[in-house]
Amino acid sequence: GIQVEQSPPDLILQEGANSTLRCNFSDSVNNLQWFHQNPWGQLINLFYIPSGTKQNGRLSATTVATERYSLLYISSSQTTDSGVYFCARGANSGYALNFGKGTSLLVTP
Amino acid sequence: DGGITQSPKYLFRKEGQNVTLSCEQNLNHDAMYWYRQDPGQGLRLIYYSQIVNDFQKGDIAEGYSVSREKKESFPLTVTSAQKNPTAFYLCASSMGTVTEAFFGQGTRLTVV
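Listed in order, the protein sequences are those of chains A and B.
Read left to right, the first sequence gives residues 1 to 109 (the working numbering).
Read left to right, the second sequence gives residues 1001 to 1112 (the working numbering).
I should point out that these hints are in silico values taken from the structure, not numbers from a laboratory.
Small disclaimer: the values here were computed from a predicted structure and weren't measured.
Check before you lean on any hint, since a few could be wrong.
Claimed, not checked - Short, incomplete list of chain B residues facing chain A, as computed with Cβ under 7 Å:
hint : residue
1    : L1045
2    : A1101
3    : Q1105
C-beta atoms are modelled at their ideal positions from N, C-alpha and C, and glycine is treated no differently.
Let the hints inform the model, and build the full structure from the sequences given.
In structure tokens, the structure reads:
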């Protein structure tokens, strides 16, 4: 089946540090999303980014569809950034998002 | 406010009983989805629907059933045939299957 692999699986940062989360996928992509799951379980939309680069405050994301990967950058991390970050990929019309297993991020004071 | 509403947030079920989870959206989205999440795991697709009166099985449909009689509603029934139903269930919707998807707050189901 279609594979979505995220790395690293776990990450511990000190407040103020920068980090890069990676998402590799095994097939073509028409839809690529990054989510942050908060401690209550809600999935918060970060980026819809099937290609190119987007920035939103301290977060930015880049998807290189031809090389089948996407990166999420977190700069000047804060304790509120803690949680699980998911990458999800969609293919052609008619299919739903496939999720990676996530990167669990802990930002310490 | 526009969004996706799942109810209830917490649900307890006795083994052998069917239970229905509600998902309603007022975003005028055509596509709706149900995912299951187990502790420490990613989301796995149960069912999805692209239009009213049509739906497709996802990766783990066994023991579940859905209906899509109205555009705004996509209820999920967890049947007694589901061997391990205790999990966190998330509903989502999108305009189409290649457009941005948005999620509800989830329902935590516990079988006792």
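A quick look at each hint next to the structure:
For B/L1045, the interface hint holds, since its Cβ comes within 7 Å of a Cβ in chain A; the closest pair sits about 5 Å apart. With its C-beta approaching chain A no nearer than about 6 Å, B/A1101 sits inside the 7 Å limit, and its interface hint holds. For B/Q1105, the shortest C-beta to C-beta distance to chain A is roughly 5 Å, which falls under 7 Å, so the interface hint holds.
Hint violations for this structure: none, all hints satisfied.
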